[in-house]
Every structure is written in structure tokens, then in C-alpha cells.
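2 protein chains.
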Amino acid sequence: MSNHTIAPSPPSVRTRVRRVAELARYDRATVHAILDDAYLCHIAFHDALGSHCIPTACWRIGDHLYIHGSNGSRMLKRLFDGGDACVTVTHLDGLVLARSAFNHTMNYRSAMIYGQFEKVDDIALQHAAMEALMDKLAPGRQAQVRGGSDKEYAAITVLRIALDECVVKQRRGGPQDDEADLAQMVWTGELPFTHGRGPAIADVLCGSEAPDYVRAWPTESA
Amino acid sequence: MSNHTIAPSPPSVRTRVRRVAELARYDRATVHAILDDAYLCHIAFHDALGSHCIPTACWRIGDHLYIHGSNGSRMLKRLFDGGDACVTVTHLDGLVLARSAFNHTMNYRSAMIYGQFEKVDDIALQHAAMEALMDKLAPGRQAQVRGGSDKEYAAITVLRIALDECVVKQRRGGPQDDEADLAQMVWTGELPFTHGRGPAIADVLCGSEAPDYVRAWPTESA
Chain A
1 MSNHTIAPSP PSVRTRVRRV AELARYDRAT VHAILDDAYL CHIAFHDALG
51 SHCIPTACWR IGDHLYIHGS NGSRMLKRLF DGGDACVTVT HLDGLVLARS
101 AFNHTMNYRS AMIYGQFEKV DDIALQHAAM EALMDKLAPG RQAQVRGGSD
151 KEYAAITVLR IALDECVVKQ RRGGPQDDEA DLAQMVWTGE LPFTHGRGPA
201 IADVLCGSEA PDYVRAWPTE SA
Chain B
1001 MSNHTIAPSP PSVRTRVRRV AELARYDRAT VHAILDDAYL CHIAFHDALG
1051 SHCIPTACWR IGDHLYIHGS NGSRMLKRLF DGGDACVTVT HLDGLVLARS
1101 AFNHTMNYRS AMIYGQFEKV DDIALQHAAM EALMDKLAPG RQAQVRGGSD
1151 KEYAAITVLR IALDECVVKQ RRGGPQDDEA DLAQMVWTGE LPFTHGRGPA
1201 IADVLCGSEA PDYVRAWPTE SA
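Protein sequence lines correspond, in order, to chains A and B. In terms of our numbering, the first sequence is residues 1 to 222. In terms of our numbering, the second sequence is residues 1001 to 1222.
Looking at chain A on its own, in the form it has when it is part of the complex (with noise of 0.2 Å):
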């Protein structure tokens, strides 16, 4: 399986992994999927208090991550201000059972992006961002909602990292014994999660018909 299947980015400093060196991917396909299966990520960045470790949603249009919050988003004002950042999203997918304790393991799909974000100021461009992050919520539903006025976009603040300095972690399949330990009688093999929908809950307020994206909910996978 080569790691550069599709429009290679190459390891930086940064990037590169060095531990398990086998399970990176580096194309941008994979990078692609993995954040296109997650509505949210984790950004790490560090200012004078320290670390932080935040969740916010995010969605990628072309070769970008976006991510948006309030003008007074104390991270968002960092990030746009020069800060670096690393975003990382996982998705875990099963524990893995071997016949020795340490041979233990997890699988999982992880991506991460380094970089700076940049702030999205165009209106226009911001417009095309929130609503491409509708339709991926709820494909169609823009057209159904009463859109953003100018005080709301006013006040937030739409960013994006460039899908430039990537890597992927991932993960799959049953474990990997030590032939020392073939013999140990002990079930073997993986417990795997799922990432399911469930069935659409509908506000008490609401007295609309479910559209096509809220009945197809439960039925799609997540």
C-alpha cells in the first residue's frame, strides 16, 4: 500500500511519524475523508495561560478546514492573530484484543493539519463558507431556514487552515501477536465501535413535515 497515492504531501518536521512509522498516510485523499467523516475537531494552540485543547465544528471545501465562533472567541482571536495551531480530529474504531497485554492496541483514523489559520473577510466568501457548512449538516436546508442578517455575520468569525502541512494515523484489522504467544489460549480479535444516527427528534414547537435529509437520518451511517 503506497502512502502517496494521490497528490503528495510530504512529511515535514512536524509531520513525519516517527513511532509506528507504517500506519502514516500523507495523501491528501485520505486526509480528505477522515475530515470529511467529522463535524467537529480538537485545536490545540498555546497563548500566555498555557495550552488549550478546544472542540469546535468544522468543514472542509477544497483544500482548506474551516471553523467559525463568536468575534469574542478568545481562541479564534489568537488563532487569526498569528498563532500556530495544530487540528486534529479521530475517529476510533475498535479495540483490539491480542494474547498479550501489551500487544493491546486501539484502531482508529486520525488526521492532523499544522498551520496558521487566516481569517476569512470577504462577505461573500464568508456567505459561501456557513452555507457550505449547512450543507453538510443538512444538504438543502439553507434554502428552508431564514439565512444569516448582516448583525449575525457581523459578529462572528469564519477562519480557515490550509490542508498543507498534513499527516494521517490510522489503524485497521485484528492484532498482531508475537509468535511467542500463539500458544496462549485466549480469544482474539476486535471489538469494533460504531458511529451511528439515530432516530430524528423533533421540537415540540416544530409543525413542519420532516424534509428529506431528517427522514433519511437514521438510515445513513455517520
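Keep in mind that the hints were calculated from the coordinates and are not lab data. C-beta atoms are modelled at their ideal positions from N, C-alpha and C, and glycine is treated no differently. Among these hints, one or two may not hold up.
As the list claims (entries may be wrong) - Quick list of simulated restraints, FRET-style, between CB atoms:
{"#": "1", "chain 1": "A", "residue 1": "R215", "chain 2": "B", "residue 2": "A1154", "range": "50 to 58 Å"}
{"#": "2", "chain 1": "A", "residue 1": "A33", "chain 2": "B", "residue 2": "Q1116", "range": "31 to 39 Å"}
{"#": "3", "chain 1": "B", "residue 1": "R1019", "chain 2": "A", "residue 2": "G83", "range": "52 to 60 Å"}
Take the given structure of chain A and dock chain B to it, following the hints.
Below, chain B alone, put in the same frame as chain A:
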């Protein structure tokens, strides 16, 4: 709803939630519940290369959260070498669809811990910590597998961080629409995510019966 129901941990300058402060909780029981629901956390720290956001397995014993890894891990070396850290666990529970674009939100449970990790040097405590991790993954399995050898223990580092400076931010329930938007005719409510378990997958080399914790796996919620 009180923010201080059990063993209150007063907010610090880093943990006091400023934005949508009514979603914050500081009591220990709520922090514990969110950590115990998780198998991994994201850890923010910084070094000469900048900020990093690393996912890693975690487990709680009493009022500490534990992590472990290879002695060669740059994160572990930095963390027990005095680097400050922020550890975050987030569960995403649903999308919340409101009548206006900007009132859309998500339901989630997030716990953040600030502080410094300390190394668990005592070998008996290291053993106890690693066996607690196994108990979390698969209760009773420790007695069935080949336990860690002295050499294996010597190659790993176990760290823990006290749950002293921590905060929970969580949201549940349906949308909160503005009064002026209530006439907007559109479906509103919550699209829940489920955190489930799929059927156990026995390894091709597995010749043993499934123990209780494997047979019970798909029927429990994760």
C-alpha cells in the same frame, strides 16, 4: 441546575467558561462521567516546533487521568519534563436544527483538564495502572492474557494528570429559536448520533471461545 453539585472544583482563570457560560459545569461527578465514557483524549502541548494536538488512549483512576506510551514518545517526554498540557475529551451527541441558520448548533459533552502530567515511577503503581486500563477495555481479561514482562514495562512510560483544574461544557436538547423566527415554517429538532458497538470480529488465528465481555459487547451501549 446547580453547577456545583458534588465536590466543587472552582473555575480557574483557564477553566472559567466565558461564552454561553450556562453550559459549563465544574463538579467532579460530571467530569468523571464524561472521561469514563471515553477511550481516548486529545492532548495539547507545545514545544520548539509549536503546538501539538495528539490523540491517545486514556483512562481514569480516582481523581487522575492516565495515559501511557513508548519511552521514545516526544509527547510523553515533553509532558513529564514540565510541559503544561490541556487534555480534552469530547462526545458529539447530535446536530440541532433551528429556524434560523445561525441558531443551528450541536449537542455534545466535553471535559477539559489543565495541568502538568507526572510520571508513575513506582513499578507496582505502573502495573496497577496498566491493569486498570485492561479492566476498562475488557473486564476480566487481564487474567487470560500473557501479562507484561519486565522488559515490556521498562519500555513504556505511564503518566497521570490530576483532575484539579477542569471544566465540563455540554449541551443537550432541542433548538432555542428567537421569538421573531417562530413563524418560519421548517422542521426543527435534533438529529442524534449514536455511540454503538458492532459485532465482535474474531481473529483468523483465534481458537478460543468468546468470553463474557466479548459476547456482551454488541448489546451494550458504548
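Hints that the structure is at odds with (numbers, increasing): 3
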